[in-house]
Each structure stands twice: as structure tokens, then as C-alpha cells.
Amino acid sequence: MDKRRPPSPTGNNKLRINSFIRAKEIRVIGANGDQLGILSVREALIKANEAALDLVEVAPTANPPVCRIMDFGKYKYEQSKKEQGGKAHSKATHLKEMQLRPFTGEHDLGFKVRHAIEFLESRQKVKITLMFRGREMGFQEKGQETMAHIEQQLSEVGQLESPVKKEGRNLVMIVAPKTHTTKKKTKHPKSPDGIDYKGVQQSSVDFERNSVNEAKTQNT
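Quick note: the sequence shown uses the working numbering, first residue 489, plus one each step.
Please note that the accuracy of each hint is not assured.
Distance windows between CB atoms, simulated [unchecked claim]: (1) GLY573 <-> ILE534: 34 to 40 Å; (2) GLY573 <-> GLU644: 55 to 61 Å; (3) GLY561 <-> LYS666: 20 to 26 Å; (4) GLU531 <-> GLU606: 55 to 61 Å; (5) LYS666 <-> THR549: 25 to 31 Å; (6) LYS570 <-> PHE591: 47 to 53 Å.
Hints in this document: simulated from the structure, not taken from any laboratory.
As the structure is a computational prediction, the values presented were derived from the model and not from experiment.
Glycine is no exception: its CB is placed at the ideal position from the N, C-alpha and C atoms.
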């Protein structure tokens, strides 16, 4: 019998683990994906304990429920990394603002452009506002030229999300970070004993679906 203190089912996945599993009989998938058949929870826990791993109920609605022997701590760690990655990606939605006038000096303009480049490189959008006051309203063409110059200066790291348009007395455009079209293939980590954890990094819904499909395939 598994004498280890079972981790509580926590977080959004709410997967039942070890002695928290309520079913009397379960279909068991081994750590390397092989089918161990229908066992009692006690028998499955013994096998998980022998492998120094956890018994995780991945498809509670199946008949009988499907459980997998795995390293649940590793699963939670991978899920946490995915959530952190999502939060980092969301930073790209932050909008920084850069304000200038039609006759902003070349030095000041260069300083502002360098800051805009830094924002774009850190995956943040930049709203550029060129403000006209009083007699400056007669220099709309000069303003358009300035905005075109800024767009060109930012073109290596940014792309237009919103082209130049008038907002009251001002000219406004929004530049977003360039999107990266090439993605590296994700390599699924293996444990030192050669166990392939492919699929363990999925959400619990996909995880459950795959486990049920594995069980069905073995039975046909």
C-alpha cells in the first residue's frame, strides 16, 4: 500500500491523486504509456509506489475511470511554466505613448525614437501622437513627413497596427512589435529512466481525451 502522503488535488485541473481517487476499479496506463488493464485502486497504488510515482485520475468520466502512473510534481511544474509563459506574452498588450510636436528638434526626436525602439523590443506597443497647437495647425504636411520618418525608423522592430490618422488637432499612429512567424519545435522532456512525458504538459481536458483514446485503442 502506498505509504506516501498523497498530494491534495489543487489548482484548476482538480485531478484526483493517489488515495483521493474514489473509484473502486480503474483502467491503468503505465508511466511509459502501456496498458496495465483494469485494477483495483489498491493494486494500482502499489504499482505507482513501486515506481516512486503518483497515480493520477486523468479521465474520471470514463467507465471505468482512467488513471495514469506519472510524476505529478513534474506535471504541475510544466503547467506552471506554461502559465508564466502566457503572462509574459500578455505584456505585449501594454501601450506606451510617445508625444511630440511638428518642430521637435532632431536630437529630441532621436531620443524619443530610441525609447520607442526599446519598448517595441520588449514586446510593447507604442502610440505616437504628434500634437498641433495654434499656428502649428498650418503645418500638417510637415507633421505627416515627421510621422513617416518615425515609421521608417521603427520599421526594423515594429509594424503599423493603426496607420496615421487625425484625432482632433493631433496626428496619431500605433506601432506594434513585429510578429515572429518561425517557432521552435517543443521537445518533450524525458526522465533519467527514459520515461517519455509527452502529453503530460497538456491541459487536463486534452490529457483526459488522449488517455481515453489510448485505452480504447488497446481494447480494439
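For each hint, the structure was consulted:
Range check, GLY573 to ILE534: Cβ separation about 37 Å, and the 34 to 40 Å hint holds. GLY573 and GLU644 have their C-beta atoms about 25 Å apart, which leaves the hinted 55 to 61 Å range violated. At roughly 38 Å, the beta carbons of GLY561 and LYS666 sit outside the given window of 20 to 26 Å. For the pair GLU531 and GLU606, the supplied restraint of 55 to 61 Å holds, since their beta-carbon distance comes to about 60 Å.
Separated by about 44 Å at the C-beta atoms, LYS666 and THR549 break the suggested range of 25 to 31 Å. A hinted range of 47 to 53 Å for the beta carbons of LYS570 and PHE591 is consistent with their spacing of about 49 Å.
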